[in-house]
Structures are given as C-alpha cells and as structure tokens.
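*Asks:* Given two chains presented individually in distinct reference frames, assemble the corresponding complex, making use of the accompanying hints.
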Amino acid sequence: DAGITQSPRYKITETGRQVTLMCHQTWSHSYMFWYRQDLGHGLRLIYYSAAADITDKGEVPDGYVVSRSKTENFPLTLESATRSQTSVYFCASNSYPAGELFFGEGSRLTVL
Amino acid sequence: QQPVQSPQAVILREGEDAVINCSSSKALYSVHWYRQKHGEAPVFLMILLKGGEQKGHEKISASFNEKKQQSSLYLTASQLSYSGTYFCGTETFMNRDDKIIFGKGTRLHILP
Numbered sequence: 023d024a025g026i027t028q029s030p031r032y033k034i035t036e037t038g039r040q041v042t043l044m045c046h047q048t049w050s051h052s053y054m055f056w057y058r059q060d061l062g063h064g065l066r067l068i069y070y071s072a073a074a075d076i077t078d079k080g081e082v083p084d085g086y087v088v089s090r091s092k093t094e095n096f097p098l099t100l101e102s103a104t105r106s107q108t109s110v111y112f113c114a115s116n117s118y119p120a121g122e123l124f125f126g127e128g129s130r131l132t133v134l
Numbered sequence: 017q018q019p020v021q022s023p024q025a026v027i028l029r030e031g032e033d034a035v036i037n038c039s040s041s042k043a044l045y046s047v048h049w050y051r052q053k054h055g056e057a058p059v060f061l062m063i064l065l066k067g068g069e070q071k072g073h074e075k076i077s078a079s080f081n082e083k084k085q086q087s088s089l090y091l092t093a094s095q096l097s098y099s100g101t102y103f104c105g106t107e108t109f110m111n112r113d114d115k116i117i118f119g120k121g122t123r124l125h126i127l128p
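Just so you know, the protein sequences line up as chains E and G, in that order. My numbering puts the first residue of the first sequence at 23, with every later residue one more than the last. My numbering puts the first residue of the second sequence at 17, with every later residue one more than the last.
Okay, chain G solo, but in the shape it has when bound (with noise of 0.2 Å):
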C-alpha cells in the first residue's frame, strides 16, 4: 500500500523552508527519501530507521515518528537546485521482506 505523501506540489521562492510530508496506515519499519529531477533516476537522500531518528544532508534533514508511522523532510532555505519532485519510499513490518512501496512524489520547485 501506498504511502501517501502531502502536498502533492510547493512552489517557493530560492531561501524559503520546504516541509513534505510521507505517511503510512501500516507500521514502518524504513523510510527513504530521493530526488528525482526532470528526466532523470531518482537519487538516494537519506534513510530512516526505527527508533525516531532524525537525519540531516547539507541543508535537507528529516524526521521519523514511528509511533505515528510518518516521516517528514524539512529543505531550509531552499536553493535552486532543489527543484525536483520528492518521493518516500516505505517498508513496513508487515512486509519484512525487504521491498520498498514509494509515494507519489511531491513536485517541488525553487523561483529564483
């Protein structure tokens, strides 16, 4: 099942925060986050494990709330190349079999 990720689109000016957001019915065990940019493979930002952990990557960090099975990645003072569209990808408990459900994606771009 689908994690469902929110907004589905942001649009921000270049130095504004971003938050998306990536939320599961099922209890999570990983959360993963990529960027993919226009005609391009996704690329790997960070995994969560866990244990509410909270990671960071230059200015792009993220939170894990397993208690509440939901994940959030925060972008600060957004650059423009961070433009792209923002997919979290889950594996659950109930599926410990190592695959990994995405999102739809968030649309993310950065005005100059």
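Just chain E, with the same shape it has in the complex (with noise of 0.2 Å):
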C-alpha cells in the first residue's frame, strides 16, 4: 500500500543497546523528518533529509544516527539507548518545501 510505514510500532529495549527505528515512503518524497513526542514537549525535530545522502540536525540530535542511502527509507538509530530517549517516534514526509507533512503511524519505544 501507498504512504509511510514505520516499523516496529512497539518496541522494549534495555539501556545501552542500540536500537533502529525504520520508516519507509512509497511517494518518492524528497524530504523526510524523524520527531520524537514527549508529554510536555510537543513534537520535536531530530533529524531531517533533503534528499538521498542529504541529512541534517534538528533541535534534538544528540545520541541518535540517521542515514538516507535511498530516498524511500529514512532509519533512526540509537546507537547506545538511555532511558530519556524512551518516547513516541514519527516520522514524517514531504514532497516540497514548506509542503504538507504526512506522518507514520508512530513508533513508541520503551527504554527500561
């Protein structure tokens, strides 16, 4: 089916692992956005992609790696998890500046 999946919708790690959030667009969308939802603290911007090898920081990018090597996929990872990174995860797409974001259903992770 068309859009944006993210996978795995539910997933409990342990401290110090690394963990990886994938998410997946079936648009061809030049820009993708992982944001991470905390009670409190709204939707917050982790990492961006302009395009395929293109990415950027957003306002809160410390202990998380993105990589795009093709313009459909956009992964998270977390490359050592800590317990303040437990959170709701969406990640979003648009096909042009400034455009309308379409979300992923969310990816909520528990970091005991």
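If you are wondering where the hints come from, they were derived from the structure by calculation, not from laboratory data. Cβ atoms here follow ideal geometry from the backbone N, Cα and C, with glycine treated the same way. Please note that the accuracy of each hint is not assured.
Said to hold, decoys possible - A short, non-exhaustive set of chain G residues, derived as facing chain E with CB atoms under 8 Å:
hint	residue
1	A57
2	P58
3	I63
4	Y98
5	D114
6	K115
7	I117
8	G119
9	K120
10	G121
*Replies:* The following block contains the structure:
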C-alpha cells in the first residue's frame, strides 16, 4: 500500500542497546523527518533529510544517527539507548519545501 | 527554536468557538497547523505562507500575520470531532532549509 510506514510500532529495549527504527515511504518524497513526542514538549525534530545522502540535525539530535542511502528509506538509530529516549517517534515526509507533512503511525519506544 | 502556542489547553462546549495562537521570535516563511487525536499521528489541517493570507477548512480557518510572526487558528461552532491536540509548525526565513519546528501543542476538549 502507498504511504509512509514505520517499524516496529512498539519496542522495548534495555539501556545501552542499539535500536533502529525504520521509516519507509512509497511516494518518492524528497524530504523526510524524524520527530519525537513527549508529554509537555510537543513534537521535537531530531533529524531531517532533503534528499538521499543529505541529512541535517534538528532540535534534539544527540544520541541519534540517521542515514538515507535510498530516497524511500530513512532509518533512525539509537546507538546506545538511554531511558531519556523513551518516547513516541514519528517519521514524516513531504514532497516540496514547506509542503504538507505526511506522518507515519509512530513507533513507541520504551528503554528500561 | 520552538514557536509558542497559547493557550496550553481549552475546554469548550459543543457549538462554542475557540482561538489557538502561535507565535515565533523569528521571521516566518510558513506556518502549518495539524491536529492529533489521542494515540494517532498528527493530521494536516492547513499551511499558510507569508503574505498575511487566511485560509479555511470547513469551520476551521487560520490567519498569518507575518509582521508579528503570529498565526491564529479559529474553530467556529466546535464539534465533538474537533477534540484533540493542535500543533503549529513553523519554517523560518533564517532556516530556509525546509525544516519544520513544532510548538508544544494546545489540547482542546469539546464537551457535549
């Protein structure tokens, strides 16, 4: 099905482990984004990408790594998970600057 | 830098009107508005570009005052389905690199 999908939808991990959240979109949108959502903070931008092989930091990039070797995929990796990274993570994409954002369903990550 | 939304929360009775404000300390290129239901992804409502335009979407409309770097979302004759958290997202002139930064959100609860 066309759209933007995230996996896994739910993940429980332990402190210090590496975790990768996947994001895949079928629209060939140029721009992709990762946000985290925490109570009291709203949606905060972690990383974004304007095209394949072009990524840039957002508001809260520390502790996260991204890559974008293909236009349709934008994985987010927590190299050594911490409890403060417990959150709901949303991937989003759009096709042009300042365009409508299309969000994935979210990935709920719990770090014990 | 996150835009500031006000109020943080609103409780209304069905049929009443509401205004949600969004302001930034930086010159804005565009303002996005999204609504999020509990447990779901944010859903696009509208985008306003610089030029002071006003847009409408059913009984939901918005204005953008670029001189004041402010936007307001107007919900008239609110319906139960309007309940949720509303987010404004901004793109600034200084960051014309297409990243969209969101405010902390305004929780809207409509009572029957």
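*Asks:* Would you list, in rising numerical order, the hints stated earlier that this structure does not obey?
*Replies:* Hint 4 contradicted; others consistent.
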